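**Student:** Chain by chain, the residues:
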Amino acid sequence: MAELTYRDAVARGIAQEMRRDERVVMIGEDVAGAGGVFKTTVGLLDEFGPKRVIDTPISEQAILGAAMGAAMTGLRPVAEIMFSDFFAVCWDIVVNEIAKTRYMTNGQITIPLVIKTGNGGGLRFGAQHSQAIENWAMAVPGLKVVTPSTPRDVVGLMAAAVRSDDPVLFFEHKGLYSMKGEVPDGEIIDELGTAVVRRAGTDATILSLGLTVGRALDAAGQLAERGIQAEVIDVRSLVPLDTRTILGSLAKTGRLFTVEENPRLLGWGAEIASIAAEECFWDLDGPIQRITTPHIPLPSADSLEDLVLPSADVVATAVEKALQS
Amino acid sequence: MRLPLSEHGYGTHQVVLPPSDQTRHDNDEIPLQKRLDLYRSLQEMRQFEKRAYDLFMRQLVKGTSHLSLGMEAISAGFGAAMRADDLTFATYRGHAHTLARGVPMTPVLAELLGRSNGLMAGKGGSMHLTSVEHGVLGSYAIIGAHLTIANGAAWSAQYRGSGQVTVCFFGDGTTNIGAFHEALNYAAVYKLPVVFVCENNLYMEYTSIADITAVAHPAADRAAAYGLQSQIIDGNDADEVYGTATAAIERARRGEGPSLVEALTYRHGGHSRADPGKYRPSAEVEAWKQYDPIPVYRGRLLRLGVDEADLDVIDKEVAAAVDLATQEAIAGDLPDPASAFTDLWADGGSSWRN
Ligand SMILES: Cc1ncc(C[n+]2csc(CCOP(=O)(O)OP(=O)(O)O)c2C)c(N)n1
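So the protein lines, in turn, are chains A and F. Counting from 1 along the first sequence, just add 2 to a position and that's the residue number in the working numbering. Counting from 1 along the second sequence, just add 1072 to a position and that's the residue number in the working numbering.
Among the hints, a few may not be true.
As the list claims (entries may be wrong) - No more than 20 angstroms apart at the CA atoms, straight line, and that leaves these computed lysine to aspartate or glutamate pairs for EDC-like:
#: 1; chain 1: F; residue 1: Lys-1106; chain 2: F; residue 2: Asp-1384
#: 2; chain 1: A; residue 1: Lys-53; chain 2: F; residue 2: Glu-1328
#: 3; chain 1: A; residue 1: Lys-254; chain 2: A; residue 2: Asp-285
#: 4; chain 1: F; residue 1: Lys-1263; chain 2: A; residue 2: Glu-31
#: 5; chain 1: F; residue 1: Lys-1263; chain 2: A; residue 2: Asp-285
#: 6; chain 1: F; residue 1: Lys-1106; chain 2: F; residue 2: Glu-1380
#: 7; chain 1: F; residue 1: Lys-1388; chain 2: F; residue 2: Glu-1400
#: 8; chain 1: A; residue 1: Lys-102; chain 2: F; residue 2: Asp-1126
Claimed, not checked - Listed next, the stretches of chain A that the computed footprint assigns to chain F, with coverage defined by at least 3 CB atoms under 8 angstroms from CB atoms of chain F:
#: 9; segment: 105-113
#: 10; segment: 220-233
Said to hold, decoys possible - Selected chain F positions facing chain A (in silico; Cβ < 8 angstroms):
#: 11; residue: Ile-1214
#: 12; residue: Ile-1221
#: 13; residue: Val-1385
#: 14; residue: Arg-1425
#: 15; residue: Asn-1426
To be clear, the hints were calculated from the coordinates, so they are not data collected in a lab. Being a predicted model, the structure only gives us computed values, none of them experimental. The C-beta atom is built at its ideal place from N, Cα and C for all residues, glycine as well.
All chains, please: the whole structure from these sequences, using the hints.
**Tutor:** Rendered as structure tokens:
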């Protein structure tokens, strides 16, 4: 068992798969010589050489087009989009080409492709480098969407993403890159579409993802001091979605809270809340609550960003208030 | 040849015509059988698309369709020059490119008709023809995107050492979108085995390319800036295309990197559906129709001593094949409703939750 940072775990996960399968190749801006702008690909060039780890021009459409074309014809590329905000520049390739081609060709073309990216806020980068955009991707049929919250999960989910025959958008949380955690030795492989219960509880279910997992856990700690046992679920994968775990927890606790970084309108929590309302209404002991950022771009100053990203205090207060009413 | 058209409503547009010398390829070293195959290929594309148009007018082909009537020499010439395992990337105007790779007419026509015996069993349609088996890696309906994807297929061939070359077709209008510029630089940087083919039919949709483009040759003038070798050719002469294609593909196969061909051509009809193409000066349309690739090629074959009757036989055989394909396509069942929910994912299904 080794203690690794989340950022080192990214390289470890990719390396694990590159060692196993020659078809796995890595491309992106600054990913080779520099080891990635967030240092998530350090060591790959040294181990696998310039044929398999390639620095690209700043051409997001060309990067993802090349990754798609290679995936269609026998390789299993991992492509990096530096900041998830830049998906806006190549969204056509993601949505119209990568996501739809298998369906439109009636299964003739398979696209085993991972697009990894630095996602989310908390680093004071301002509105154009801080968005959480996994809900954009979730809305598109044909894309798998995962967001690990621990170094161990980074490795296991990266392996699952690379081995998936479908295109996977792999959202690394920028705010977690320096987080440390235990990662077992040897090969780790998770299954896409599996949520994990991070803390068991009986009074409320709190759904979280990426950065908000730690905040939800902190909130649950505060709540426990006040006699409320909250169950914290790390959703991990939005598509496919583990509704079994989520709705199973709701059936036990009767209360559902979602904690997400997305702006208020149409975050992933809205979709899960709607599923819960449709399918488990009679399990609910009170209204579902979504804890989100307001419907604004993220501000840059520490004090302002902290104000709008859901904090542990905000989560704890919301849950406590709801349970008291 | 360029004739100024002072009365043209869209500005200082000029009639652009290919060189009038139609005999200059008569003595090219092309085996006669290859030339007869090229002629048959031109006929297949022409007659197939005329049938597609009829079926569209009878409202049997739904949605939209983009014909390449008048532009067949480019598909035919490249098709004849490609190796069976080479890869084609086409646009929504991709019927001819698909046939050129040996895809049978029936599944193509059935796809246009939305039948279960269609190439994609009705899930793709006219604008998304794909036959992996024939190296047709798709037609793409978003302008420019597929140039970047073609790079990826070329990269993969290079990585795997397969010796395959990727040929990517697109229109003149495509040269003004960002993906074109990203793709050319990217291909040149990694010396990818890809041939970019601009079918310059002088119009994007309803607007003359000359009116909205800062350079005279929208693809070729820009290729050099990205380090690609390029050439402008007469896209209505199948032999000129065939020769150019052979050289460009061989060059890519030798590992000498990407190149670009700008083939001048003209569509006889409008952009899509029943668009009559009225935005084009009639003198221009007439002038180009005089330079229709099929009579041009037929004339060459006759000069080379082929019997007119032998060519008529080819025409009739193709007509019979189109009739048969029409019958078979129309006889196809409608797609199984369950198929709407298959093949989103590699496991064959479309489920997004457990
Ligand atoms: C990104 C994008 N913008 C606009 C369109 C609409 N559109 C379809 S075809 C076309 C004209 C393309 O012209 P050109 O590249 O010259 O190809 P041609 O149709 O002449 O073969 C346009 C604007 C589109 N499909 N995709």
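**Student:** Would you mind marking each hint as holding or not holding in the structure?
**Tutor:** Structure-based check of all given hints:
1. Lys-1106/F <-> Asp-1384/F: OK: Lys-1106/F and Asp-1384/F at ~17 angstroms, within 20 angstroms.
2. Lys-53/A <-> Glu-1328/F: Holds, because 17 angstroms separates the two Cα atoms, which is no more than 20 angstroms.
3. Lys-254/A <-> Asp-285/A: holds, 8 angstroms
4. Lys-1263/F <-> Glu-31/A: Judged against 20 angstroms, a Cα distance of about 18 angstroms means the pair holds.
5. Lys-1263/F <-> Asp-285/A: violated, 61 angstroms
6. Lys-1106/F <-> Glu-1380/F: At roughly 17 angstroms apart (the allowed maximum being 20 angstroms), Glu-1380/F and Lys-1106/F satisfy the hint.
7. Lys-1388/F <-> Glu-1400/F: Status holds; Cα separation ~18 angstroms.
8. Lys-102/A <-> Asp-1126/F: violated, 30 angstroms
9. 105-113: holds (count 8)
10. 220-233: violated (count 0)
11. Ile-1214: It holds, given that the least Cβ distance between Ile-1214/F and chain A is near 5 angstroms, below 8 angstroms.
12. Ile-1221: This hint holds: Ile-1221/F lies near chain A, its Cβ roughly 4 angstroms from the closest one there, short of 8 angstroms.
13. Val-1385: Given a least distance of 35 angstroms, the restraint on Val-1385/F is violated.
14. Arg-1425: holds, 4 angstroms
15. Asn-1426: Status holds, d = 5 angstroms.
Against the hints set out earlier in the document, violations occur for numbers 5, 8, 10 and 13.
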